[in-house]
Amino acid sequence: MHMADALLSPSVAVAMYATSISAVGYAIHKIKEDELTEKRLPIMAVTGALVFAAQMINFTIPGTGSSGHIVGGILLAALIGGYPALLTIASVLIIQCLFFADGGLLALGCNIFNMGVLPCLVAYPLVFKPLRQKGKHLALATISATVLGLQLGAFSVVLETFASGITELPFSTFALLMQPIHLAIGIVEGVVTVAILRFVYQMRPEILASAGQRVAISSGISIKKIIVALTLITVLVSGGLSLYASKNPDGLEWAIARTTGTSELEAQGEIFSVSSALQESLAIFPDYELINANGKSIFQNISIPGIVGSIFACTLVGAAGILLAKIKKGKRTATNE
Amino acid sequence: MLKIEKLSVRYPDQTIGIDNVSLCAKEGESVALIGANGAGKTSLIMALVGVIPSNGNVFADNVKLNKDNLNEIRNKIGVVFQNPDDQLFMPTIYDNIAFGLRNMGMNELEINARIETCLSLLNIKHLRNKTALKISGGEKRMAALATVLVMEPSIMLFDEPTAFLDPKARRILLSVLNGLQHTKIIATHDLMFAAETCKRSVLLKDGSVFADGPSKELLYDVQLMDKCGVEAIGACGREIY
Amino acid sequence: MTDIRSKIEQIYSLEQLSAQNSCVHGLHPLAKICSTILYIVCILSFDRYAFFEILPYAFYPLLLIFLAKVPIGMIFKRVIIALPFCLFAGVSNVFLDTAPVMQFGEFSFTFGMLSLFTIVLRTLLCVSAVLILVAVTPFDELTEELRRMHLPNIFITLLEMTYRYIGVLAEEAATMFIGYRLRSRTGSGLEMKDMGSFIGQLLLRSFDRADRVYQAMKCRGYALRNFSHAQNNLDKHDWCFILLTGGIFLLLRWGASQYVAGRFF
Chain G
1 MHMADALLSP SVAVAMYATS ISAVGYAIHK IKEDELTEKR LPIMAVTGAL VFAAQMINFT
61 IPGTGSSGHI VGGILLAALI GGYPALLTIA SVLIIQCLFF ADGGLLALGC NIFNMGVLPC
121 LVAYPLVFKP LRQKGKHLAL ATISATVLGL QLGAFSVVLE TFASGITELP FSTFALLMQP
181 IHLAIGIVEG VVTVAILRFV YQMRPEILAS AGQRVAISSG ISIKKIIVAL TLITVLVSGG
241 LSLYASKNPD GLEWAIARTT GTSELEAQGE IFSVSSALQE SLAIFPDYEL INANGKSIFQ
301 NISIPGIVGS IFACTLVGAA GILLAKIKKG KRTATNE
Chain X
1001 MLKIEKLSVR YPDQTIGIDN VSLCAKEGES VALIGANGAG KTSLIMALVG VIPSNGNVFA
1061 DNVKLNKDNL NEIRNKIGVV FQNPDDQLFM PTIYDNIAFG LRNMGMNELE INARIETCLS
1121 LLNIKHLRNK TALKISGGEK RMAALATVLV MEPSIMLFDE PTAFLDPKAR RILLSVLNGL
1181 QHTKIIATHD LMFAAETCKR SVLLKDGSVF ADGPSKELLY DVQLMDKCGV EAIGACGREI
1241 Y
Chain H
2001 MTDIRSKIEQ IYSLEQLSAQ NSCVHGLHPL AKICSTILYI VCILSFDRYA FFEILPYAFY
2061 PLLLIFLAKV PIGMIFKRVI IALPFCLFAG VSNVFLDTAP VMQFGEFSFT FGMLSLFTIV
2121 LRTLLCVSAV LILVAVTPFD ELTEELRRMH LPNIFITLLE MTYRYIGVLA EEAATMFIGY
2181 RLRSRTGSGL EMKDMGSFIG QLLLRSFDRA DRVYQAMKCR GYALRNFSHA QNNLDKHDWC
2241 FILLTGGIFL LLRWGASQYV AGRFF
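Chains as they are written, first to last, in my numbering: chain G, 1 to 337; chain X, 1001 to 1241; chain H, 2001 to 2265.
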């Protein structure tokens, strides 16, 4: 989710820098009041370095043949608190920007906001902490917070790119590409974060107690139920998005279909046919003929990208659920040995 | 001079770190602290600089350790940790050595001068701008030693100084330590190292002092060392293949 | 895990480059930082079709690479890694922006292609500028400069310590990963079911290490407070550098906009 300089305009960059600097400044102010901060500094540095190293470890996601890595915002926040986590993520992002060209220098403000402020100062206090303080299941709190953090972050990327106006990619297309993908990533990362937090809880419960969490882990609600609930929410949300999208059919197909109406394209017939052939070969549903010559979708309430996104997310969620069942089985046999 | 009177450490989970330890090290004296794993060597060292809470009295150059004068005590007592990576937490070696001096409020010119002297003394001028990741175990050990030496303490505590060292580096460390005039307490498993650096040894067992005497007697006493869970020098009659 | 180790090598190879000597290395870090930021701002201020207006800006990284003797291959390799996301965002321009700029027989060079090339060029130049900044300025000088600018000490210390421990943690992770792979089912990647205990174990070790580091810091008088640093003022070489490079960047920017205005009026 690291943004590069090339897609940003200076005004957006400056605005996001101002926002991030304020947030980081506020976080520093808040933790200075805490007398534990002096002791927390080495913990922040070392866990930050660990998150950096962990981001380099790709784990294989079963069923998809692809690999992923954690971002770590909610993990850090759960371990050391929201404000220290923001500072830690900010320092990791700065090092990634300087040494790995992972995210541009002017885009640092955006990146700190998207990957630091949103998970640590929004998702963590608004979702994770209240759920944990009510004694709710760790998995529910973690996965919800992680998903929310990543959704907000991805949406923020879309807004920042769109506001900069460098790319022609229409807003809703970009959003409909980014959101489902990051939903899937969020669920997977949430599951991994739960596993890590559980391990830490079992070995050293005092670590999370000091971050202001309730220590007891209730194993009452099964994770499968949580995943099912989240799946339903996913379908509803992406269905809702697709309703919106079809009212303003801004999809890539619609844009190309629209431009076929203009005369300029006659001069570039080759390019157009190549691109539309590419589109057809990539289309999962052979429903392109549902778009009539005027570029309007026949079924006004169904948007293909929205459904594809939901199905993709659901498949991944289902895979995650099966995987979690396997993890539980594995843990049970491990404790029996 | 270092004076310890009836020092005890009890951890939050009620395990005993050290139990009623008393000992006195004269100015310029080197004392080896010997004991099996878990005997209390590290606990004693950490208690002497007030890093972990303890009961009893500690006097460093006749200044009594208490909650309010920790910084003063830590300027008098320098600790070299077992793992040098734990002491080298700044990017460059120079920054690491300067860290303590900056915290003392010294100005940069003075800091620079002190560091130059220290680097020359330990023969590690070439490490000045290097990063700790790129240097060998022996060089790390020397750098970690420099970070403490530069603060000019009168008492030095060493926790397993030969850990992570190859034989050559070990020899270099040996000659460096023998050249220092400080009061030294050296906690170590390396009995030959203890015998070569310290005329006096204190044996710890289960957190308390088991024996205190000349190294050339204690460290070769097979029965005594056996009771402490440590092997005496030359004790293991292994066949050499 | 050669992957992790090679990434750590990337950090420290840049660090070693920055320890060398050249006229660029000798410049004040503030001069280099200001110059880099002004450079990026100027490039970003152009519109999406300004390929030819941005092209002259390539002089800056090329000049610095030459003067500072930075291996151009090293910079290029890292810049390539930064390209994919930009390409993804830029490629859609090709499909959506089909008005022609010029014709070459049957082939049309469109505005969409121009904007894609512009995005690639912007990426190349901006990323190079930052990498070169790091290649000619040691990290501790950068952080020292941030301290002089009165940024909060706690954050800068955090930055320095994180940087320091990345290598250590990565080594630990790499070694543990080798141990894992030697006894795993597939012998290759980390399986998701093991991620929890693997990372969890590394985390716990990190907490223990952090405890020891904290003790080491306290033993050397550490407390959360700011301390003053030696003033290091810009000398005439630094000012020359800032004014010269800044002047050229602004001239190119102003000149470009005049040219563009001139084209249409």
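Quick caveat, the hints were computed from the structure, so don't treat them as lab data. All C-beta atoms in this analysis are idealised placements derived from N, C-alpha and C, irrespective of residue type, glycine included. Treat the hints with caution; some may be incorrect.
Said to hold, decoys possible - Using 35 Å as the maximum straight-line C-alpha spacing, the simulated DSBU-like pairs for lysine-lysine come out as follows:
#	chain 1	residue 1	chain 2	residue 2
1	H	Lys2007	X	Lys1199
2	H	Lys2193	X	Lys1125
3	G	Lys39	X	Lys1003
4	G	Lys30	G	Lys136
5	G	Lys39	X	Lys1125
6	H	Lys2218	G	Lys129
7	X	Lys1026	X	Lys1064
8	G	Lys134	G	Lys39
9	X	Lys1199	H	Lys2218
10	H	Lys2193	X	Lys1130
11	X	Lys1067	G	Lys39
12	G	Lys129	H	Lys2236
13	X	Lys1076	X	Lys1205
14	H	Lys2077	G	Lys30
15	G	Lys39	X	Lys1076
What the hints assert, rightly or not - Computed beta-carbon distance windows for the label pairs:
#	chain 1	residue 1	chain 2	residue 2	range
16	X	His1189	H	Val2120	57 to 65 Å
17	H	Phe2088	G	Gln55	19 to 27 Å
18	H	Leu2062	X	Ser1120	36 to 44 Å
19	H	Leu2182	G	Gln55	28 to 36 Å
Each hint tested on the structure:
With a CA separation close to 48 Å, the supplied pair lysine 2007 of chain H and lysine 1199 of chain X exceeds the 35 Å bound. Taken as a hint, the lysine 2193 of chain H and lysine 1125 of chain X pair is broken in the structure, with Cα atoms around 48 Å apart against an allowance of 35 Å. Distance check on the hinted pair: lysine 39 of chain G and lysine 1003 of chain X sit about 29 Å apart at the alpha-carbon level, within 35 Å; holds. A threshold of 35 Å between alpha carbons decides the hint, and for lysine 30 of chain G with lysine 136 of chain G the separation of about 27 Å falls inside it, so the pair holds.
For the hint pairing lysine 39 of chain G with lysine 1125 of chain X, the CA-to-CA distance comes to about 32 Å; that is within 35 Å, so the pair holds. Straight-line distance between C-alpha atoms of lysine 2218 of chain H and lysine 129 of chain G comes to about 32 Å, which keeps the hinted pair within the 35 Å bound. With a C-alpha separation of about 16 Å, the suggested pair lysine 1026 of chain X and lysine 1064 of chain X falls inside the 35 Å cut-off, and the hint holds. Under the criterion of a C-alpha separation no larger than 35 Å, the hint pairing lysine 134 of chain G with lysine 39 of chain G is consistent with the structure, at around 28 Å.
For the proposed pair lysine 1199 of chain X and lysine 2218 of chain H, the alpha carbon gap of about 31 Å is at most 35 Å, so the pair holds. For the given pair, lysine 2193 of chain H sits about 40 Å from lysine 1130 of chain X by alpha-carbon distance, which is inconsistent with the 35 Å threshold. About 17 Å separates the Cα atoms of lysine 1067 of chain X and lysine 39 of chain G, which keeps this hinted pair within 35 Å; it holds. Note on lysine 129 of chain G and lysine 2236 of chain H: the hinted pairing is violated, with a Cα-Cα distance of about 55 Å set against a maximum of 35 Å.
Between lysine 1076 of chain X and lysine 1205 of chain X the CA atoms are separated by roughly 28 Å; this keeps the pair inside 35 Å, and the hint holds. Simply put, lysine 2077 of chain H and lysine 30 of chain G have alpha-carbon atoms about 41 Å apart, too far for the 35 Å limit, and the pair is violated. With a C-alpha separation of about 23 Å, the suggested pair lysine 39 of chain G and lysine 1076 of chain X falls inside the 35 Å cut-off, and the hint holds. A hinted range of 57 to 65 Å holds for the C-beta pair histidine 1189 of chain X and valine 2120 of chain H, which are about 60 Å apart.
Our hint of 19 to 27 Å for phenylalanine 2088 of chain H and glutamine 55 of chain G holds, since their Cβ atoms are close to 20 Å apart. With their beta carbons about 42 Å apart, leucine 2062 of chain H and serine 1120 of chain X fall inside the hinted range of 36 to 44 Å. Taking 28 to 36 Å as the suggested C-beta distance range, the pair leucine 2182 of chain H and glutamine 55 of chain G does not conform, at roughly 23 Å.
In this structure, the hints that do not hold are numbers 1, 2, 10, 12, 14, 19, in rising order.
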